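Chemist: One letter stands for each residue in the lines below.
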Amino acid sequence: MNIEEYISSGIIEMYVLGTASESEVRELELLSTTHPEIREAVRMCEIDIENLALQNPLPPPGTLKQKIWQSIKEDNAENNSPDLSVTKSGDAGKAPNRNWIKYLSAAAVLALIISIGYNINYSLKIRKQNTAFAQLKNDQQDLLNQKNILAQIISPSVKTVVLQGVPAHQNAKATVYWDTTLKTTYLVLNALPRTEPGKQYQLWALVKGKPIDAGLYNSNDPDPIQKLKDISNADMFAITLEPKGGSVSPTMSQMYVAGKL
Amino acid sequence: MPDINYTETELISLLQSNEAAAYNYLYDKYSGALYSIIRKIIVQEDKAVDVLQEAFIKIWKNIHTYDPNKAKLFTWMINIAKNISIDILRSKDYKSEQNRTASGDVFIENENLSINVPVDHIGINKILEQLKDDYKKIIDLAYFKGYTQDEISKELNIPIGTVKTKARNAILELRKLLKV
Numbered sequence: 000m001n002i003e004e005y006i007s008s009g010i011i012e013m014y015v016l017g018t019a020s021e022s023e024v025r026e027l028e029l030l031s032t033t034h035p036e037i038r039e040a041v042r043m044c045e046i047d048i049e050n051l052a053l054q055n056p057l058p059p060p061g062t063l064k065q066k067i068w069q070s071i072k073e074d075n076a077e078n079n080s081p082d083l084s085v086t087k088s089g090d091a092g093k094a095p096n097r098n099w100i101k102y103l104s105a106a107a108v109l110a111l112i113i114s115i116g117y118n119i120n121y122s123l124k125i126r127k128q129n130t131a132f133a134q135l136k137n138d139q140q141d142l143l144n145q146k147n148i149l150a151q152i153i154s155p156s157v158k159t160v161v162l163q164g165v166p167a168h169q170n171a172k173a174t175v176y177w178d179t180t181l182k183t184t185y186l187v188l189n190a191l192p193r194t195e196p197g198k199q200y201q202l203w204a205l206v207k208g209k210p211i212d213a214g215l216y217n218s219n220d221p222d223p224i225q226k227l228k229d230i231s232n233a234d235m236f237a238i239t240l241e242p243k244g245g246s247v248s249p250t251m252s253q254m255y256v257a258g259k260l
Numbered sequence: 000m001p002d003i004n005y006t007e008t009e010l011i012s013l014l015q016s017n018e019a020a021a022y023n024y025l026y027d028k029y030s031g032a033l034y035s036i037i038r039k040i041i042v043q044e045d046k047a048v049d050v051l052q053e054a055f056i057k058i059w060k061n062i063h064t065y066d067p068n069k070a071k072l073f074t075w076m077i078n079i080a081k082n083i084s085i086d087i088l089r090s091k092d093y094k095s096e097q098n099r100t101a102s103g104d105v106f107i108e109n110e111n112l113s114i115n116v117p118v119d120h121i122g123i124n125k126i127l128e129q130l131k132d133d134y135k136k137i138i139d140l141a142y143f144k145g146y147t148q149d150e151i152s153k154e155l156n157i158p159i160g161t162v163k164t165k166a167r168n169a170i171l172e173l174r175k176l177l178k179v
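Residue numbers (numbering that gives the first Met the number 0), protein chains in the order written: chain A, 0 to 260; chain B, 0 to 179.
The set of hints was computed from the structure by calculation and includes no laboratory data. Note that the structure is a prediction, hence the values are computed from the model and not measured. Treat the hints with care, since some could be wrong.
Label pairs and their computed distance ranges (CB to CB) [said to hold, decoys possible]: (1) GLY116/A x LYS135/B: 53 to 61 Å; (2) SER246/A x SER12/B: 52 to 60 Å; (3) LYS57/B x ALA107/A: 20 to 28 Å; (4) ASP86/B x LYS72/A: 44 to 52 Å.
Cut-off 30 Å, straight-line C-alpha distance, at most; resulting in silico cross-link-like pairs (DSSO-like, lysine-lysine) [claimed, not checked]: (5) LYS69/B x LYS158/A; (6) LYS175/B x LYS136/A; (7) LYS64/A x LYS175/B; (8) LYS60/B x LYS127/A; (9) LYS64/A x LYS131/B; (10) LYS66/A x LYS144/B; (11) LYS127/A x LYS57/B; (12) LYS57/B x LYS72/A; (13) LYS178/B x LYS66/A; (14) LYS153/B x LYS64/A; (15) LYS66/A x LYS71/B; (16) LYS66/A x LYS60/B; (17) LYS64/A x LYS46/B; (18) LYS72/A x LYS69/B; (19) LYS146/A x LYS69/B; (20) LYS124/A x LYS60/B; (21) LYS136/A x LYS69/B; (22) LYS124/A x LYS57/B; (23) LYS69/B x LYS64/A; (24) LYS146/A x LYS71/B; (25) LYS64/A x LYS60/B; (26) LYS69/B x LYS127/A; (27) LYS71/B x LYS72/A; (28) LYS69/B x LYS226/A.
All residues carry an ideal CB built from backbone N, CA and C; glycine is no exception.
Turn these sequences into a full structure, and let the hints guide you.
Modeler: Put into structure tokens, the structure is as follows:
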């Protein structure tokens with residue numbers, strides 16, 4: 000990937016202005032981790048926008064500062080546990096001994112109810128935490144997988160091939176990371192329409208016009224960078240939309256993107 | 000403006016402590032910047048004030064989810080404010096209200112002609128005014144109106160690639176103007 004071209008393309012500015020597509024955002028965030036010059040360009044853009052706003056502020060109404068702080072404090076107060084105080088009420092007619100027992104048992108019942116309440120709350124919290132923990136472990140594994148793949152694609156022997164949209168699909172885009180030494184191939188779909196069930200995107204490597212199957216992209220896989228088939232030789236890559244499971248040879252009318260090395 | 004100047008990292012730590020001092024600093028430093036952008040999206044003062052309030056509360060409550068590796072603090076804050084603003088702008092209630100009072104989008108386009116533009120709001124226009132028309136338009140559509148690249152390309156009748164390069168040139172031009 001030509002970093003200078005990427006920076007000059009304006010995609011970073013679009014990202015900071017808030018109009019990059021999801022896949023563009025993912026690509027930029029990935030590239031920022033491996034290319035400090037991109038990260039720097041993003042930061043500079045952010046600083047420009049921030050300075051633009053800081054140099055021309057519009058002061059809001061003077062009472063707002065306190066009003067917002069009040070709101071924040073009230074919010075905090077709501078989330079704290081309420082004060083539990085058993086109110087004492089006079090009960091003139093009854094004998095003092097009986098009152099004392101009555102209040103004690105009322106307090107005991109109350110304490111029991113509160114205790115049960117806290118237990119239910121606590122076990123709900125634990126259950127939530129367990130689910131959250133399991134989700135976290137899943138996410139962690141996903142992240143590790145992506146991290147491993149990232150380590151592969153930043154190798155100097157990896158060629159980045161951007162596949163641009165064909166005339167019928169001008170805005171489509173994908174990127175192939177092909178390790179010329181190890182022959183491994185990784186695919187990112189930067190901008191391709193979601194496939195309907197029963198269809199799949201298939202990557203092809205072309206050698207002197209002859210297509211070789213390079214594997215299928217799994218749209219159910221949460222990882223954006225997917226490892227496909229090893230390819231020993233290629234002068235071009237292309238993606239076609241095929242029936243699920245792929246085809247033996249590409250359906251040329253269903254080509255979406257292509258790119259030369 | 001506050002006398003002390005915190006670095007971004009210091010400010011983030013301070014904010015995570017949930018102290019009033021952090022709120023004060025944040026509000027004093029950024030409320031004007033945030034409000035000027037909100038007012039560009041939501042022109043009515045009372046609604047814009049509501050947005051600013053909602054934004055500050057959301058920022059305060061969610062500071063623990065802010066990731067400094069992803070974006071600067073200001074970018075994160077302004078996105079919160081813009082999302083709230085754009086939600087309101089696109090909500091059915093707001094739209095029908097605008098139709099009834101016959102203002103809204105037309106108002107924003109002809110801001111300079113309208114008598115309702117607050118005098119102190121001319122501030123942000125000063126820098127933006129110096130930009131070429133098409134640069135101004137791109138920043139307005141992308142940043143203030145939340146248009147997607149596709150929508151901008153259709154609106155300005157230029158290919159998406161050009162939208163991106165124009166945006167880049169606009170920011171570069173802005174950078175020059177801000178340095179002066």
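Chemist: Now tell me if each hint is right for this structure.
Modeler: Do the hints match the structure? See the list:
Separation of GLY116/A from LYS135/B is about 59 Å and conforms to the stated range, judged on CB atoms against 53 to 61 Å. Remark: the range hint 52 to 60 Å for SER246/A to SER12/B is upheld by a beta-carbon distance near 56 Å. Separation of LYS57/B from ALA107/A is about 43 Å and departs from the stated range, judged on CB atoms against 20 to 28 Å. Between ASP86/B and LYS72/A the beta carbons are some 26 Å apart, a value that contradicts the proposed interval 44 to 52 Å.
At roughly 27 Å between alpha-carbon atoms, LYS69/B and LYS158/A fall within 30 Å of each other, so this suggested pair holds. The straight-line distance between the Cα atoms of LYS175/B and LYS136/A is roughly 47 Å, outside the 30 Å bound, and the hint therefore fails. For a cut-off of 30 Å, the pair hint linking LYS64/A to LYS175/B is broken: about 33 Å separates their Cα positions. The straight-line distance between the Cα atoms of LYS60/B and LYS127/A is roughly 20 Å, inside the 30 Å bound, and the hint therefore holds.
The straight-line distance between the Cα atoms of LYS64/A and LYS131/B is roughly 36 Å, outside the 30 Å bound, and the hint therefore fails. For the hint linking LYS66/A to LYS144/B, the alpha-carbon distance of about 28 Å falls within 30 Å, and the restraint holds. About 23 Å separates the Cα atoms of LYS127/A and LYS57/B, which keeps this hinted pair within 30 Å; it holds. Proposed proximity of LYS57/B and LYS72/A is supported: the alpha carbons are some 13 Å apart, at most 30 Å.
Distance check on the hinted pair: LYS178/B and LYS66/A sit about 36 Å apart at the alpha-carbon level, beyond 30 Å; violated. Of the pairs offered as hints, the one joining LYS153/B and LYS64/A is violated, with about 41 Å between alpha carbons and a cut-off of 30 Å exceeded. Between the alpha carbons of LYS66/A and LYS71/B the distance comes to roughly 27 Å, so the proposed pair stays at or under 30 Å and holds. With a CA separation close to 16 Å, the supplied pair LYS66/A and LYS60/B stays within the 30 Å bound.
This hinted pair checks out: LYS64/A and LYS46/B have alpha carbons roughly 16 Å apart, not beyond 30 Å. Distance check on the hinted pair: LYS72/A and LYS69/B sit about 29 Å apart at the alpha-carbon level, within 30 Å; holds. Between LYS146/A and LYS69/B the alpha-carbon distance is near 16 Å, which keeps this suggested pair within the 30 Å criterion. Distance restraint check for LYS124/A and LYS60/B: the Cα-Cα separation of roughly 20 Å lies within the 30 Å cut-off, and the hinted pair is therefore satisfied.
With a CA separation close to 21 Å, the supplied pair LYS136/A and LYS69/B stays within the 30 Å bound. The straight-line distance between the Cα atoms of LYS124/A and LYS57/B is roughly 23 Å, inside the 30 Å bound, and the hint therefore holds. The hinted pair formed by LYS69/B and LYS64/A meets the criterion: a straight-line CA distance of about 28 Å does not exceed 30 Å. Distance check on the hinted pair: LYS146/A and LYS71/B sit about 23 Å apart at the alpha-carbon level, within 30 Å; holds.
Pair hint LYS64/A plus LYS60/B holds up; C-alpha atoms about 16 Å apart against a cutoff of 30 Å. Pair hint LYS69/B plus LYS127/A holds up; C-alpha atoms about 27 Å apart against a cutoff of 30 Å. Only pairs whose Cα atoms come within 30 Å are accepted, and LYS71/B paired with LYS72/A is accepted, the gap being roughly 26 Å. Taking the CA atoms of LYS69/B and LYS226/A, the gap is about 26 Å. The hint holds against a cut of 30 Å.
Comparing the model with each numbered hint stated earlier shows that hints 3, 4, 6, 7, 9, 13 and 14 do not hold.
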